[in-house]
Amino acid sequence: MKYVLMFADTEQFAADLAAMGEGERARAYARVQEWFAENQDKITHHAHLMPPETATTVRLDGGEPLTTDGPYVEGKEVVSGYAEIDVADLDEALRLARTWPACPVVEIRPIAS
Amino acid sequence: MTRAGHAELARVVRDHAGRLAAALVHLVGDFSAAEDLVQDAIEAALAHWPVEGIPDRPDAWLYAVARRRGLDVLRRESRHRQKLALVAWPAEPLPDDRLRLIFTCCHPALPRSAQVALTLRVVCGLTTAQIAKAFLVPESTVGQRITRAKRKISDAGIPYRIPADDELRDRLGVVLAVIYLLFNEGYLSSGGQQAQSRDLADDAEFLAALLHLLMPTEPEVAGLLALIRLHRARRAARFDEDDEIIQLQHQDRSRWDHDAIADASRLIGRAAALRRPGPCQLQAAIVACHAEAERWEDTDWTQIVVLYDMLLHLAPTPVTRLHRAIALRYVTGPAAALREVDALSDDLGDYHLFHATRAELLRDLGHADRARAADERALTLTANPAERSLLRQRLSWA
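Chains as they are written, first to last, in numbering that gives the first Met the number 0: chain D, 0 to 112; chain U, 0 to 397.
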């Protein structure tokens with residue numbers, strides 16, 4: 000089954016990352032690279048997103064399309080990336096999510112077939 | 000139908016529903032479809048058996064209905080239909096697949112309310128109406144929970160399997176929590192008109208026993224089963240003829256089921272020999288301390304406080320600390336116990352037993368007015384009629 004893992008950052012996580020020294024941050028990024036390498040047979044593609052202040056939202060449910068600055072939900076948890084995975088079932092997806100070494104929230108969504 | 004007749008009917012359904020569900024999932028290869036067929040068969044049984052009597056082979060009867068129904072509704076799913084058409088009942092002795100059923104119903108990706116409803120329906124064979132009645136919620140709410148849960152199982156790819164070894168501890172914890180919740184709900188329901196809804200406690204004991212049968216070397220499963228059996232061994236003495244609660248110290252201990260207590264204590268001993276202590280085993284050991292005391296005065300409170308300390312070490316919760324403080328009253332006295340209880344006011348200010356306990360301690364210490372106020376507060380916080388009645392009596396004596 001195919002799922003998307005949506006990775007979400009929290010303010011605390013962003014602050015922790017910012018407070019890290021150069022070397023420490025490099026190690027944190029290396030752990031993420033390692034995770035992707037270890038699970039490459041299950042990951043079909045993945046992407047890291049630019050921060051939420053770069054987001055632009057277009058709303059189409061009014062009369063005219065409305066363009067606004069920022070993400071569509073103003074929340075403390077913002078999606079920072081995603082990975083599409085192809086695994087046997089939800090338990091295998093959960094197993095992957097539990098080992099994710101970076102941001103503190105991962106949402107698992109099945110892809111509609 | 001007599002009360003005994005209803006109990007027997009419930010027992011037979013419980014014994015066969017889960018097996019049939021597991022067998023049908025195996026046959027038709029689809030959890031949700033199999034579950035619907037079993038539910039239909041149970042509805043039919045509940046309509047026929049009270050009138051016609053329970054058949055000699057309830058399993059074959061249930062299967063015949065499920066199969067007939069299956070051949071009808073699975074018309075579009077010819078794959079499933081063919082498999083179903085080929086098999087007569089009793090099928091080859093299938094391995095007991097109910098463990099998979101339990102772990103699927105209690106998957107952590109489902110909300111607790113759905114885990115509970117699914118387990119009752121699929122493993123214990125309760126109907127949606129019976130579940131709704133037990134939890135005092137509209138039938139449509141339970142129906143919706145079941146439908147959503149089954150949809151999630153299939154759409155999100157929740158597997159039908161026993162978790163791998165490295166996941167088993169966490170996943171078993173969820174199953175134990177569901178059974179424990181059912182037991183609590185049944186043993187002393189938190190709302191409604193009937194203080195004791197016996198059915199859910201029966202189902203909880205059935206599930207714990209089944210789990211123990213299927214996982215004999217899991218000490219926490221044995222602990223939960225012992226805990227449930229110890230509580231239930233005292234049930235004949237827990238309520239008077241007016242359905243009023245009789246507190247432990249006033250219970251007629253000759254009415255306890257001492258054989259059941261001895262059995263449960265042996266179960267705790269066997270679990271302890273596996274040397275993997277856990278919260279269920281410790282709680283069972285605490286209840287065993289009470290159950291084994293011949294008189295209230297013989298209760299080994301020192302041992303009970305030690306067991307609570309161990310429990311707090313594993314699972315530090317405010318409610319456990321409250322219970323420890325209650326035991327402490329008989330070891331170091333009410334003043335020390337009250338200090339412990341008062342320290343919990345931030346966490347337990349909305350919990351009726353917190354105020355009821357304070358009331359008892361304050362009364363011991365001669366503060367009648369403050370005790371009254373605490374009892375009154377407790378009364379506003381519980382909906383259980385038997386507990387309310389006990390608190391009211393206390394208010395009228397004091």
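Among the clues, some could well be false.
Unchecked claim - Simulated crosslink set (BS3-like; lysine-lysine; CA at most 27 Å straight-line):
id, chain 1, residue 1, chain 2, residue 2
1, U, K151, D, K1
2, U, K132, U, K151
3, U, K82, U, K151
4, D, K41, D, K1
5, U, K82, D, K41
Unchecked claim - Far from chain D, some chain U residues (derived; all Cβ distances over 12 Å):
id, residue
6, D58
7, I157
8, E166
9, A272
10, V304
11, H366
By construction, these hints were calculated from the structure, which means they are not laboratory data.
C-beta: ideal position from N, C-alpha, C; glycine also.
For each hint, the structure was consulted:
1. K151/U x K1/D: 15 Å, holds
2. K132/U x K151/U: 25 Å, holds
3. K82/U x K151/U: 25 Å, holds
4. K41/D x K1/D: Answer holds: K41/D to K1/D is near 10 Å, not above 27 Å.
5. K82/U x K41/D: 33 Å, violated
6. D58: 30 Å, holds
7. I157: 5 Å, violated
8. E166: About 7 Å separates E166/U from the closest Cβ of chain D, which leaves it inside 12 Å; violated.
9. A272: Consistent with the label, A272/U stays out of reach of chain D, its closest Cβ about 32 Å off (over 12 Å).
10. V304: Label holds. Min Cβ-Cβ 38 Å, cutoff 12 Å.
11. H366: Nearest chain D Cβ is 46 Å from H366/U, so the label holds.
Comparing the model with each earlier hint shows violations of hints 5, 7 and 8; every other hint is respected.
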